[in-house]
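With chain A fixed as given, assemble chains B, C, D and E onto it according to the hints.
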Amino acid sequence: MFNKRYAAPGSAPATLATLTTPHEAAQPAMRLIEYDGTSLVEKAVPTIADLPTFTDDGRIRWLDIEGLGDAEIFQALGEKYGLHPLALEDALHTGQRPKMEPYEKHLFIVAQMVYRDTELQMCGEQVSMFLGHNFLVTIQEEVGTDVFDPVRARIRAGRGSIRKLGADYLCYALLDAIIDHCFPILESLGDALEELEDEVLEHPQASCIATLHRHKRTLAQLRRFVWPERDVCNALLHDETGLVSPQTKVFLRDAYDHTVQIMDLIESYRDLVSGLTEMYLSAVGMRTNEVIRVLTIMSSIFIPLTFIVGIYGMNFDRGDGTRPLNMPELYQPWGYPLLLLVMLALSVGQIVFFRRKKWL
Amino acid sequence: MFNKRYAAPGSAPATLATLTTPHEAAQPAMRLIEYDGTSLVEKAVPTIADLPTFTDDGRIRWLDIEGLGDAEIFQALGEKYGLHPLALEDALHTGQRPKMEPYEKHLFIVAQMVYRDTELQMCGEQVSMFLGHNFLVTIQEEVGTDVFDPVRARIRAGRGSIRKLGADYLCYALLDAIIDHCFPILESLGDALEELEDEVLEHPQASCIATLHRHKRTLAQLRRFVWPERDVCNALLHDETGLVSPQTKVFLRDAYDHTVQIMDLIESYRDLVSGLTEMYLSAVGMRTNEVIRVLTIMSSIFIPLTFIVGIYGMNFDRGDGTRPLNMPELYQPWGYPLLLLVMLALSVGQIVFFRRKKWL
Amino acid sequence: MFNKRYAAPGSAPATLATLTTPHEAAQPAMRLIEYDGTSLVEKAVPTIADLPTFTDDGRIRWLDIEGLGDAEIFQALGEKYGLHPLALEDALHTGQRPKMEPYEKHLFIVAQMVYRDTELQMCGEQVSMFLGHNFLVTIQEEVGTDVFDPVRARIRAGRGSIRKLGADYLCYALLDAIIDHCFPILESLGDALEELEDEVLEHPQASCIATLHRHKRTLAQLRRFVWPERDVCNALLHDETGLVSPQTKVFLRDAYDHTVQIMDLIESYRDLVSGLTEMYLSAVGMRTNEVIRVLTIMSSIFIPLTFIVGIYGMNFDRGDGTRPLNMPELYQPWGYPLLLLVMLALSVGQIVFFRRKKWL
Amino acid sequence: MFNKRYAAPGSAPATLATLTTPHEAAQPAMRLIEYDGTSLVEKAVPTIADLPTFTDDGRIRWLDIEGLGDAEIFQALGEKYGLHPLALEDALHTGQRPKMEPYEKHLFIVAQMVYRDTELQMCGEQVSMFLGHNFLVTIQEEVGTDVFDPVRARIRAGRGSIRKLGADYLCYALLDAIIDHCFPILESLGDALEELEDEVLEHPQASCIATLHRHKRTLAQLRRFVWPERDVCNALLHDETGLVSPQTKVFLRDAYDHTVQIMDLIESYRDLVSGLTEMYLSAVGMRTNEVIRVLTIMSSIFIPLTFIVGIYGMNFDRGDGTRPLNMPELYQPWGYPLLLLVMLALSVGQIVFFRRKKWL
Amino acid sequence: MFNKRYAAPGSAPATLATLTTPHEAAQPAMRLIEYDGTSLVEKAVPTIADLPTFTDDGRIRWLDIEGLGDAEIFQALGEKYGLHPLALEDALHTGQRPKMEPYEKHLFIVAQMVYRDTELQMCGEQVSMFLGHNFLVTIQEEVGTDVFDPVRARIRAGRGSIRKLGADYLCYALLDAIIDHCFPILESLGDALEELEDEVLEHPQASCIATLHRHKRTLAQLRRFVWPERDVCNALLHDETGLVSPQTKVFLRDAYDHTVQIMDLIESYRDLVSGLTEMYLSAVGMRTNEVIRVLTIMSSIFIPLTFIVGIYGMNFDRGDGTRPLNMPELYQPWGYPLLLLVMLALSVGQIVFFRRKKWL
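Residue numbers (my numbering), protein chains in the order written: chain A, 1 to 360; chain B, 1 to 360; chain C, 1 to 360; chain D, 1 to 360; chain E, 1 to 360.
Simulated from the structure, these hints should not be mistaken for laboratory data.
We treat Cβ as the ideally placed atom computed from N, Cα and C, and that holds for glycine.
Do not take every clue at face value.
Stated by the list, open to error - In silico PhoX-like links for lysine-lysine, alpha-carbon gap of 25 angstroms or less:
hint, chain 1, residue 1, chain 2, residue 2
1, E, K105, D, K164
2, B, K249, C, K358
3, B, K357, C, K358
4, D, K249, E, K43
5, E, K249, A, K105
6, E, K357, A, K357
7, D, K43, D, K99
8, E, K105, D, K249
9, E, K43, E, K164
10, B, K249, C, K105
11, B, K249, C, K99
12, C, K164, C, K249
13, C, K358, B, K358
14, A, K357, B, K357
15, A, K99, E, K249
To be verified - Restraint ranges, calculated between C-beta atoms of paired labels, are given here:
hint, chain 1, residue 1, chain 2, residue 2, range
16, A, D191, B, Y103, 30 to 38 angstroms
17, B, Y103, D, Q247, 27 to 35 angstroms
18, D, K358, E, D70, 53 to 61 angstroms
19, D, A192, C, N234, 35 to 43 angstroms
20, A, K358, E, L360, 22 to 30 angstroms
21, B, S161, C, S161, 37 to 45 angstroms
22, E, L346, C, L360, 32 to 40 angstroms
23, C, Q221, A, E202, 30 to 38 angstroms
24, D, G158, E, A8, 12 to 20 angstroms
25, A, A192, C, C123, 46 to 54 angstroms
26, B, R31, A, R159, 33 to 41 angstroms
27, E, W227, D, K358, 37 to 45 angstroms
Claimed, not checked - Incomplete in silico selection of chain D near chain E, CB under 7 angstroms:
hint, residue
28, H181
29, M298
30, S299
31, G313
In isolation and in its complexed conformation, chain A is listed as follows:
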C-alpha cells in the first residue's frame, strides 16, 4: 500500500553528507559494462575507487548498481561523477513516481520495473538512471532480479544498433524493456478477466468480488507506474539538452506509443472490471430475488393449508361425546376427501397464479 520511503519531515534536503541507508536494503553490487562498436569489457567493480572516470573516448560505460544498502557508496559515487544529491536521495528513497528531471550534467530518470517472480506474483522495483554524455548509471532496488538480461545479451551479441549508438540508446533500450514487460502481465490479466467474466455470468460466488478487487488494485498500480512513464518518454522525446540524439528519438516515439497502448489496455480492463462488479451485484440481487421467490411460494401454499387442517384439529365438540351441530363435515364419510380436494384446488390455484406472475 504505502511503499514510499521518505526522510524525517523537516530534515534537510539531501546533501551528499546526509544520504542515509534505507533499512533492510541489500549491500550494493556494482557491475560495469564498457563497450564501443568493436570491443566490450564487462566486469564486477568491488569498490568506488575501482571505478574508471567517464572520459569522452567514444566508449559507452554502463554502471549498474543493485542494492541500496550503503549510503556511503552512493555519496562517493555522487562526488566522483557529479550526480546531484537530490537525485541520489530520490534513488534511495524508493517508491518514487516515475519522472525525468534534467540536472546540469545529466538527466535523472526514475522508472518502476514490473515483472513476475518465480511464483508468478507481480513484483515492482524502482530503477533510477543517470544519463550523461557517454555514460549511464542505473541504480536498482533489489539485487539479482531485473528485466535487463535481453538487453545485456544484445550488447554482448553486438548486433543491431545497440553497440553503434550512444548511452541515450542504451537508456531507451532499458526503458523499453521495462515498459514492454507490462504486456505479458496484461496478457495474463486479460485471460484471468475472461475466465472471471464467465464465472460471474454463470456462477457468481462471494470470491469473485475479492478477485475483482485484487485485479482492480493491480490495474491501479500498473496505471500509477505507466502513466508517468508516458510522460518520461515524452520528456525525453522533447529533450533539449542534446543528451538524447535524434536517432534515439525515433525509437523513443515507439516506446511512447507502447505506453499509450498499455494505458489503453489498462483503461479497457478497468472498464471491464467495473462492469463485472456491477454484473456481480445484479446477480446477487437476482439470486436473492430467486431465493425469496421460493420461500414465498412454499409459504403461500402451505401456510393456508396448515391453517385449514388446524381448524379441523380443534376440539369444538368434546366433552359430551355428541356430534356438534356446527362442524357436521367432520362426521361425514365425504368430509375428509372433500377437504383434501379443496386443499388441492387451493394449491393448484396458487401455482397457476404464481405461473402467471412468472415466479415459477
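Showing chains B, C, D and E alone in chain A's frame:
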C-alpha cells in the same frame, strides 16, 4: 480481450533482419492495381521480385497485401520501397491502436477495420497503410475479407474523382470505407438496444444484464477503434509533408466529421446502456419488493389464524371428561361460528390495513 | 434511436451526380422571400428554372425548401448557386450533428430544430442553411412544420433590424428561433420533474423509473443538439470570411449566451434526474425494509405462540385415561388462564423489544 | 426549478421599443446616491425625468432601481444613459446566468444575490449592474430586500476607501457583498450536514434521504450562481476598457479568491452529501439484513419445534383406546420431559450455530 | 466542517484600522531568529516596539508569531513592515485555501499545516508567511504546536545550506516541513486501510462503513490542503519578483515533486476507499442472501411437514368412536412409520434440490 501481438520484452526494436512471422498467420497474397485517369491494370503479384518500382510516372499504384504469414516478404518489401522497419513491425504486430506516423519517405497509418461476418458477428482486422507520393501499400491481417470492394469497383468504373486524384485520395477512400462501416453496425446495435429497452421496462430477465454487458463491450471496442481514428483523420488534415493534397483534405474533413458523429452515437448508446443497467437493477429491487410483499401478506394473515385454531386444539380439559370452566366457548353451539367470524374479521382488517399501505 | 441517414459505406463521397433521394421523403416545396429595407416579394417557386440568380443588388433573398424527396432538384440547385456537393449531401443525409463549415462561396450550417407537435410530443427536424453574401438557402426535412413563422412575420412587418441588416442577420434570426424554442420545452420538462420529485418523495411507483428514464433520454437528445449549436454560434462569432458582419455578431453573442443558459439548465435537470433515480432506489430499499419488518414482527410474535399451543395439543397422556404426571397444568382450573397470560406477556415483551429497536 | 424568463421564441431581439414588462413584477422604485470624498446626497427619484445626467464632475452616482414592473421606465433609462437594449432585456428577463459583458459605453454585469429571508429560507434575486465611467446603475428583481445595506452604511459613514475610489470600487463592494453572503449560508448548511451525518450514522430514517436531496439541490443552486460569478470577477480583473482601475483590481482579486473558497466548500459539501447518501443506502441494506436475520433465527428455531409438537398431536392410535405400538413414548412418564429436553437441545444447537455465524 | 472565519458580508475589505480579533484566539507570542552564516541570535519579543527594522545587512530575520488573539499587534506589525492589510486579514481569517499572492513588497503565502496531536488525532493549523527580501514573518493559528522544530534545529546547528542561503530558502524549508508531514499521516492511513481491507473481505461489520467514511473525509481534507499547496510551490518556482533565488528553486522543484507524490497517494487511497465501500455493500447483499437462504431452506423443509402432521391431527372420526373409513392409515401399525419415512423422503428430496441449486 488481449489481442495485441508483441515482441519479447527487451528484444531489439525492429530491424529488417529481425521481423518475425506471427503464429498461425496466413501466407501473404499480393494484388497490385495500377491506374491513371485513362488506363487500369490489375493483377496478382506472386513474389516480391515481380513488383514494379514505384516510379513517378503519374500512375497511382495500390499494392494490397492480405495475410501476415511470411516475415521475409515484408522484409524484402521494406527494402525495396524504403518502408521503415518500426512501421513494418507495427503492421505485423497486430492489435495496434489506430495512429498516423510520419516517416521520412512515407506516412504510416494504422486503422482497425470493423465489419460483420456471414453470421452477422462483429469482427475486427488491422489494416496498415504506407502512403507515399504516388503509391499506397496496404497490409491486411486476414485474407479474403475486407470492406474495400466498393472502392475497387469505383476504381474499375473510372467515374468520380478516384481516378483523377492521387494516392492520398485513395488512402482517404479506404479510410472512409473503414469508418463508414461503423454506421450499419451502430444502426443494428441501436435497434437491439431499443428492443432491450422495452424488455427491461416490461419483463426484466436475468439474460438482460448479460446482453447489456455484451453491448457495452462492443461499444467500448468500437470506441477504442474510432476515437484514435478521429485523430488519424485530424493528423492527415494537418499533414505538412505535402503527401496529402488540399483537394483530399476537403474530403478528409468529411471523414473526420463522420468519426465525430460515430463517437457521438457511441456516447449516446453508452449512456443508454448504463441507464438500462440502472433500470434493470431497480426493476429487480422492485420485484423482490413485490415478492416479499406477497409473502408478508400471506404470513400476516394466516400465521395469527393458525395460532388461534391451535388454541382450540389444546387438550385443556381432557382426563375427566367434564367441561372445563375456563374454555366454555368450546361447548356452546355458537362457539365455532363465532370463532370463524372473528377470524374473518381479523383477515378483513389486515387486508384493509395492507390496502391502506398500498401493498395490495 | 439511430436516426442518421448514411450512404452505403465505401461509396463515393457526394458529387452532384450521385445525390440520392432519401426514402419516404416528401417532394420539396420551394418558397422565396426577396426583400430590402423598402420592398418585399414573397412567392412559391415551382421549379429550379424559376429561381432568380442571386445578384448583388442590395436585396436579400431567402430560399426556403421543405422536403428532401427529389435529389435532382438539389443537384440543379447546387449547380445553379455553387453549393458544395458534400454540404448538399449532409443536407439530404439527415441526423447530422449541428455544425458550421466554411466553403469557398458560402458558409454551411446544420442545426436541429426542436418543437412540440400538436399532441405536445417533442419532435426534431434537421435544418441546413447555406449563407452567402446576400442570400440564404434553408433546407428543411419536413414539409409544413417549422419554428420560423415569427421570423417571417417580422420580415413582413418590416420593423426592427431584420429588413435593414443582411442575410447573416436573417441566418442569426432563424438560428435564434431554433435555440429559443428549447426554453418552453425545458420549462414544461422542469414542471414535470417537479411533480415527479413530489411523487418519488411521497409515493414511489414502478412507473416513476420509466418516466425518469424517458426524461433522461429527452435531456440527452436536447444536449446532443444544443451543445454543438453552441459551437456553431461560436464559430459564426469568430467567422473570418466576412460573411458575418460585426453588427450581427453582437446578436450572435446573445444567441451563444442562450445556448450556454440552455446547457446550464439541461445539466441541472440531468443532475436532478439522477438524484431522483437515486432517491427512488433508496425508497424501494426502504419499502422492502418496511415490508420485511412487518413480516418479521408478525412471525416473531406468532410462531413461538403457535409452538406453545402446539405443546398443549400433544397427546401425551392418552391411552389409559388417567392424568399424566408430567403435564399437570392441563388439569388445573388455572392452567388455561395462566397460559394465556404467559403468551400475552411474551407478545408484550416482543413488542417492547421491537419498539426499542425502532421497528415499530 | 425553471425560473428563467424568456421572450417568445422567434421574436425580435431587444430593441428599446420592444422591452416588455414581466408579469407580476413590482413597480420600479429608484433611489440615487451621489457622493464624492466630501459630500453625499441621497434621494428617491420618482420619475426618469428627475434623474440627473451623469456628467464627469468627479462625483460618483449610484442609481439603484428595485422592481421590474414598468418596461417604459427601463426604455427611457436606456435612452437617457445609452444602456444597450440587449443588456436591458437581460436585466428584465431574470433567471440569467451571472456574466460580464463589455458594451461600448459600459460594462454589463449580472449577478445572483442569495440571502435568507425572515423565515431563514434561502432566496435568490437577480441584480444587474451597468458600470460606466462615474456611474453605476443597479437593477434588482425584488423591492425592499437586498444585501447592500452594509455598503450603503459605509458610503454614509464616509470612512474607508469607498468614498475615495470610483464607481468601479462601488461595483466591487456590491459584488463582494453578494459573494460573501454565501458564507453564512454555507456555515449553516455545514452545521446541518454535521447533524445529518450523526443521524445517518446512528438512526437512519426515511426523512434523511429527502433532507440530503434538498441540501444537494441547494448546493447545486449555489454552484450555478457562484461558478459563473468567479468568471465575472476574473473578467473584471482582466478588463481592458479602463473602467476598472488597478486599485480596485487588487480588491477584485480578493473577491475572486472568495469565490474560489466558496466553490471549494461547495465541492466538499457535495462530496459529503454523496458520501452520506451512500452511507444511508448501506445503512438501509444493513438494517434489512438485521431484520431478516431476526426473522430467520426465530423461524429456524420455532418452525422445527412446531413440527415436532405437531407429530405428537397426531391421532395415530385413537379408535380402539389401546396404546399403539409405534408411538410408545407417548405413554411413558419420561416421554414428555425427554421431548422437552430434545427440543431444548435443538434450540441451543441452533443458537450456537447462529452465534458461530455471527448472526447473534 | 465549516472552519472558515469571515468578516460580516458587506463590511469593508481589510484596512489596517479594521482588523478584528477572532474569538477565543490565544494572545500572540512573538519569537525572532536572526542569523547569518556565522552568527545566530534567538529571542522572544514582547512588544511590537521591540522589533528591529528589517535592514539589508545580509542577516536573515525570521519573526514567528503564534496566536491570533490581538488585532492591534497585527495592525502595528503591518504598519511597521508594510505588510498588506488584505494579506493580514487573510492571516487572521483562518480556514483559507493555501495560496501564494505577490504584493508589492513581499510575497504572501498561506499553507495549512497538518500534524498528529498527542492522541494521534490529525489536526490542522493555518500558517501564513510574508516573504520579503531578507525577512520572513510567519503567523501561526495555535500557540506551541508546530512542525518547524527540525528546521529550527538545523538553523541552530548551522550545518547544511540553511545558514548560507536567504529567507527564500527558509521559507522553502518551512513549506517542505509542512508538506512532508503528510507522509507519516498517509503511511498510518495506508496501514489502517490495509487492515480495513482484510476486515471487509472477511468480517464486514456495520462499523466498517463509518470508518471508511471517516477515512474518506480525512483524505478529502488532505486533498483540499495539498492540491493548492502544489500550486503554491509551482507559483514560487515561477516567481518573477526576484524574491526566490534560482538555488532555492531547485529545492522547490523537489517540494513540488513531493506534493505530486502525496496527491498520487491520496488518489490511490480514495480509489481504494471507494472500492472497499463497494465491496462492503456487496458483502452486505451477499450476507442478506445467505441469511435468507437459510430461512428459505428451513421453511421449505418444515412448513410442508408441519402441514402433513397437521392432517393427522384432524378429528375426522371422532364422535362415535369408530374408525373412519377415509383415514384408515391412522389405525394401521405401519401408518406412523410409513408417514415418518414419507416425511424423511420429502426432506431429503428438498435437500438434494437445494444442493443442486447450490444453496447448500
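Falls inside 30 to 38 angstroms, the C-beta gap from D191 (chain A) to Y103 (chain B)?
holds, 35 angstroms
Is the straight-line distance between the alpha-carbon of K249 (chain B) and that of K99 (chain C) 25 angstroms or less?
holds, 18 angstroms
Return the status of the interface hint for G313 (chain D): holds when the least beta-carbon distance to chain E is below 7 angstroms, violated otherwise.
Since chain E brings a Cβ to about 4 angstroms from G313 (chain D), closer than 7 angstroms, the hint holds.
Given the hint that K358 (chain C) pairs with K358 (chain B), test it: the Cα-Cα distance must not exceed 25 angstroms.
holds, 22 angstroms
Given a hint of 35 to 43 angstroms, does the C-beta separation of A192 (chain D) and N234 (chain C) actually sit inside it?
At 41 angstroms between Cβs, range holds.
With the threshold set at 25 angstroms, check whether the alpha-carbon distance from K105 (chain E) to K249 (chain D) stays at or below it.
holds, 17 angstroms
Holds or violated: K105 (chain E) to K164 (chain D), with C-alpha atoms at most 25 angstroms apart:
OK: K105 (chain E) and K164 (chain D) at ~24 angstroms, within 25 angstroms.
Cβ-Cβ distance between K358 (chain A) and L360 (chain E): within 22 to 30 angstroms?
Holds - the Cβ-Cβ distance for K358 (chain A) and L360 (chain E), about 25 angstroms, lies within 22 to 30 angstroms.
Cβ separation of S161 (chain B) and S161 (chain C), checked against the hinted range 37 to 45 angstroms:
holds, 43 angstroms
Quick one, are K99 (chain A) and K249 (chain E) close enough, alpha carbons at most 25 angstroms?
holds, 18 angstroms
Could you check the hint for me, namely that K358 (chain D) and D70 (chain E) are 53 to 61 angstroms apart, CB to CB?
Because 57 angstroms falls inside the window, the suggested range holds.
Does the alpha-carbon distance linking K249 (chain B) and K358 (chain C) stay inside the 25 angstroms limit?
violated, 72 angstroms
In terms of the numbered hints stated before, the structure departs from hints 2, 4, 7, 17, 29, listed from lowest to highest.
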